[in-house]
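All chains should be built: construct the whole structure from the sequences, respecting the hints.
As you go down the protein sequences, you meet chains Y and S in turn. Residue numbers for the first sequence follow the UniProt record's numbering, beginning at 1 and rising by one. Residue numbers for the second sequence follow the UniProt record's numbering, beginning at 1 and rising by one.
The set of hints was computed from the structure by calculation and includes no laboratory data. There may be inaccurate statements among the hints.
[Unchecked claim] A few chain Y positions that, by computed beta-carbon distances, are all more than 12 Å from chain S:
no.	residue
1	N60
2	G132
3	I161
4	D162
5	L208
6	V237
7	Q238
8	L277
[What the hints assert, rightly or not] Calculated pairs, PhoX-like style, for lysine-lysine (alpha carbon to alpha carbon, straight line, at most 20 Å):
no.	chain 1	residue 1	chain 2	residue 2
9	S	K169	S	K196
10	S	K129	Y	K23
11	S	K108	S	K127
12	Y	K23	S	K110
13	S	K230	Y	K23
14	S	K127	Y	K112
15	S	K281	S	K230
16	S	K115	S	K181
Model, not experiment: these values are computed from the prediction. Positions of the beta carbon are idealized from the N, C-alpha and C atoms, including for glycine.
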Amino acid sequence: MLQTSEPSTLRNTLLITAFDVQKLFFQRRGVIAISCFSLVWLFLLIYPIHGAVELLNNPNFKDFIIGFAQMSQTEKLLNWQVPELTVYWVIALYLYPMFSIIITADQFASDKQRGTLRFLLLRSNRDSLFFGRFLAQMLIQTILIALSLLATIFLACYRDIDLLLPSLSSSGFIVIALIINLLPYTALMSLLSLHANSARQATLYAVLFWMLTSLGLAILNYFFPVTEFLQFIKPGVQLSDMLNTQGAGVLTYSMLPIIQAVAFLALGRVYMQRSAL
Amino acid sequence: MSIIVAKSLSKHYGTNKALDQVSFEIEDGLPTALVGPNGAGKTTLFKLICGFMAPTSGEIEILGHKAGSNSLISKMSALPQDSLLDPNLAIITQLTQFGQLQGLSHTKAKHEAIKVLEIVELTDAAKEKPTALSHGMAKRVAIAQSLIGEPELILLDEPTAGIDPSNAKTIRTLITEQRTKSKFLISSHNLDELEKLCDQVLYLDNGQLQQSLSIHQHSDSFEFLTLTLKGSENLKPIIKEIQKIPLVSNIVQTQSNELSLQYDSEHSLDFEVQLLTCLHKKQCQYQSIYKGKRLEDKLFS
Numbered sequence: 001m002l003q004t005s006e007p008s009t010l011r012n013t014l015l016i017t018a019f020d021v022q023k024l025f026f027q028r029r030g031v032i033a034i035s036c037f038s039l040v041w042l043f044l045l046i047y048p049i050h051g052a053v054e055l056l057n058n059p060n061f062k063d064f065i066i067g068f069a070q071m072s073q074t075e076k077l078l079n080w081q082v083p084e085l086t087v088y089w090v091i092a093l094y095l096y097p098m099f100s101i102i103i104t105a106d107q108f109a110s111d112k113q114r115g116t117l118r119f120l121l122l123r124s125n126r127d128s129l130f131f132g133r134f135l136a137q138m139l140i141q142t143i144l145i146a147l148s149l150l151a152t153i154f155l156a157c158y159r160d161i162d163l164l165l166p167s168l169s170s171s172g173f174i175v176i177a178l179i180i181n182l183l184p185y186t187a188l189m190s191l192l193s194l195h196a197n198s199a200r201q202a203t204l205y206a207v208l209f210w211m212l213t214s215l216g217l218a219i220l221n222y223f224f225p226v227t228e229f230l231q232f233i234k235p236g237v238q239l240s241d242m243l244n245t246q247g248a249g250v251l252t253y254s255m256l257p258i259i260q261a262v263a264f265l266a267l268g269r270v271y272m273q274r275s276a277l
Numbered sequence: 001m002s003i004i005v006a007k008s009l010s011k012h013y014g015t016n017k018a019l020d021q022v023s024f025e026i027e028d029g030l031p032t033a034l035v036g037p038n039g040a041g042k043t044t045l046f047k048l049i050c051g052f053m054a055p056t057s058g059e060i061e062i063l064g065h066k067a068g069s070n071s072l073i074s075k076m077s078a079l080p081q082d083s084l085l086d087p088n089l090a091i092i093t094q095l096t097q098f099g100q101l102q103g104l105s106h107t108k109a110k111h112e113a114i115k116v117l118e119i120v121e122l123t124d125a126a127k128e129k130p131t132a133l134s135h136g137m138a139k140r141v142a143i144a145q146s147l148i149g150e151p152e153l154i155l156l157d158e159p160t161a162g163i164d165p166s167n168a169k170t171i172r173t174l175i176t177e178q179r180t181k182s183k184f185l186i187s188s189h190n191l192d193e194l195e196k197l198c199d200q201v202l203y204l205d206n207g208q209l210q211q212s213l214s215i216h217q218h219s220d221s222f223e224f225l226t227l228t229l230k231g232s233e234n235l236k237p238i239i240k241e242i243q244k245i246p247l248v249s250n251i252v253q254t255q256s257n258e259l260s261l262q263y264d265s266e267h268s269l270d271f272e273v274q275l276l277t278c279l280h281k282k283q284c285q286y287q288s289i290y291k292g293k294r295l296e297d298k299l300f301s
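Written out as structure tokens, the structure reads:
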């Protein structure tokens, strides 16, 4: 037998993460996916973001919005120093969770169906595989967020170079807040992808999850108002509140998605440990 | 030394008992064969040994560790049935990743990947994606991954099933070459193949272990010889002639042109000379003379 040291769970977790990230950036399929993502963001930057900035710079429009939506609901959102980031924040807050459901749907499904997971399980334990793939998806999404944010900052600086420093100071908070928001979505998709036989089926399960929990909880809440707290099992329930935040304030609602992610990961881990692969 | 120890191992799928209270011990040495009809529980047993699923009850220990344990990484490997590599990654990339997961550095893992591809004679296909390979080549690559790091135990689930004779021969040759380095547990329906490669045989049927026997072990003071004659003419005259050899204790016609002869093992050489003389006398040509009983006859007679 070739002499090797027994690989640790952490080492193999990080290796699996690295393999999956490499797969995205060095494979044709991954490059196509990134190209599509970049095109979508290019379109968003050129039209909605660039167009909206002109409106947001107009004091009359600001007054109109404040009057229309009441001061308390928009004051922080409209007071961002960089208007490009205001529009980016609004779009990214809702767009990334949808992206997340699509791009993280195939964490395990295809490999499980094909039997590829067995080759990995002969060389790593189930925890390494589960958390390694989850981390890889988070890292990929972080890179995508960073890329789109950099493009937005470039757009802002192209208009006014003095916006560079305020842009950079806000972007750190934005990246962290968006990543935290995506944690429960990705963790839920880890669980659904383990159960599904294909990426498409995992996405369908996600749609069913949101529809059934929304409908079920609405009915339950109607008859038993004390069950309102159950709304918190749905990822993204805090998004509308996060909209009107600014600077470090964007992190105010971080606790809920972190707790949701921990709960989904714990469920996924149990499922992974017990399932036949 | 015991390589695998199973105690009262059961696996149930609902009411279907895929494995039912199976106990056995596999020792180090020549390859062990796992045989049985379709649905006998062979693949389920492989999956339990590999840790792909948990047993309903019972225990299984591999090289002194529980199935699925981290300590088995690098020590045990397998060719799982119907498992395919990632179609989007080059073969060399995937094999290198497997080596890294087994604790090798990237450079060593790459060397090891090239080495195992050389063993299965597929170095040229290293940069190809699995989708570019034929079924036989894909099977050889899957066997190559099981050889990474020279593990102590290698499980091969139907390594030659559904592939052409040429690829099957290549696989048999490589198992023969590697069997001194690793202990093999091979599941197959091809009894002739197992006869050539293995020593011990586990026979599973209906989820239960029906027999555990050694292919090359002789029983008591008697030995067997399987005589296959050319053509399938009437064997009665030759049987009558062989019966005259005093060392023969029993003759059974196993097929239209095949006889199983039981004789006194102490006079093995004398018997063989007398048998050939007998065949010469009757002007009868033989196709093969096989020392011992065929595995098929051992298992099913």
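Hint-by-hint comparison with the structure:
no. : hint            : in the structure
1   : N60             : 53 Å, holds
2   : G132            : 10 Å, violated
3   : I161            : 42 Å, holds
4   : D162            : 46 Å, holds
5   : L208            : 25 Å, holds
6   : V237            : 36 Å, holds
7   : Q238            : 36 Å, holds
8   : L277            : 5 Å, violated
9   : S/K169 - S/K196 : 12 Å, holds
10  : S/K129 - Y/K23  : 13 Å, holds
11  : S/K108 - S/K127 : 18 Å, holds
12  : Y/K23 - S/K110  : 17 Å, holds
13  : S/K230 - Y/K23  : 59 Å, violated
14  : S/K127 - Y/K112 : 24 Å, violated
15  : S/K281 - S/K230 : 15 Å, holds
16  : S/K115 - S/K181 : 15 Å, holds
Of the numbered hints stated above, those contradicted by the structure are hints 2, 8, 13 and 14, listed in ascending order.
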